[in-house]
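Assemble the whole structure, with the sequences as input and the hints as a guide.
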Amino acid sequence: MLIAIALEDAYFLGVLSSKVHVTWALTAGGRLGVGNDPRYNKTRCFDPFPFPVPTPDRQQKIRDLGERLDSHRKRIQAQHPDVTITAMYNLLEKIRAGEPLTDKDREFNNKALVSTLKQIHDELDAAVFEAYGWDDLKDEGGKVKDEMNEIILERLVALNAERAEEERNGLVRWLRPDYQHPVKPNSANDRNYY
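Per my numbering, the very first residue in the sequence shown carries number 1; after that it's consecutive.
Treat the hints loosely; a few may be bogus.
[Stated by the list, open to error] With a straight-line Cα cutoff of 25 Å, these simulated PhoX-like cross-link-like pairs (lysine-lysine) come out:
1. K74 to K118
2. K104 to K74
3. K111 to K74
[Unchecked claim] If you anchor each label on the Cβ, the simulated ranges turn out as follows:
4. P56 to L32: 31 to 41 Å
5. S115 to V183: 41 to 51 Å
6. L26 to E67: 23 to 33 Å
7. V183 to E99: 48 to 58 Å
8. Q79 to E154: 38 to 48 Å
FYI, nobody ran anything at the bench for these hints, they're computed from the structure. Just so it is clear, CB atoms sit at the ideal spot from N, CA and C, and this is done for glycine as well.
Below you can see the structure in the form of C-alpha cells.
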C-alpha cells in the first residue's frame, strides 16, 4: 500500500522522518505479511499524530534538515541508480545497532554515503526533540537516546489528549489551513472573515 502525504513544506518531511514520528507510527500502525512488516495506516499513524508547535527558528531548522535529507537521498539515487532507499535504511539500521559491517557493507556505505544519512537523521531527531521541548531525552552529546521509545510514546499520547481537548474547545491546529479551513468572505463586497 502506498501512502502519499501531499505537503510541500519540508518541515513536515522533517518531522515525519524523525525518531518521534517513526516511534509513533511503528506502535500505532499495524503489521502485515510473512515478515510481520510494519504498515503505515493514515488514520492511525498520521491523523492523530500531534505535531510539535515550534518557534519559527526551530521550524526553519527542521525544514532545512528535511530539505537536506530529501536532497541527499535524491542525489545518491541519481548518481547510483542501483542504490535503493530500502538498502540505504537497512544499512543505517545496522550501523545504529552497532553491528559489525562486512566489506560489502563498507563498500555500500562509501557509495551511498549512509554515514551522512545517519548524521542528517541524528541532527533532525535532535531538532524535532527541541521543537517538542524534550531536550531531557538527549544524551550529553545532544543525540537522542535510543532507549527513550516508551517515554516518547507516553509524551505523544499525553500531547494527543491535550490536542483533542483543544479541538473540543475550538482550537484546531491545521497543517494546511488554506486548504483545510479556508477563510471566505460573506459576499464579494464584504471582507469580514469568520
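- prompt: Does the hinted range 23 to 33 Å hold for L26 and E67 at CB?
  reply: Holds: the Cβ-Cβ distance is about 25 Å, inside 23 to 33 Å.
message: Assuming the hint says 31 to 41 Å, is it satisfied by the Cβ distance from P56 to L32 or not?
response: This hint holds: roughly 39 Å between Cβ atoms.
message: Can you tell me whether the CB distance of V183 to E99 sits inside 48 to 58 Å?
response: holds (53 Å)
field: Outcome for the supplied range 38 to 48 Å, where the beta carbon pair is Q79 and E154
entry: At roughly 42 Å between Cβ atoms, E154 and Q79 fall inside 38 to 48 Å, so the hint holds.
- request: With a cut-off of 25 Å on the C-alpha distance, tell me whether K74 and K118 pass.
  value: holds (15 Å)
message: Check whether the Cα positions of K111 and K74 lie no farther apart than 25 Å.
response: holds (14 Å)
message: With the threshold set at 25 Å, check whether the alpha-carbon distance from K104 to K74 stays at or below it.
response: holds (22 Å)
query: Between S115 and V183, is the Cβ distance one that fits in 41 to 51 Å?
result: holds (47 Å)
Of the numbered hints given earlier, the model fails none.
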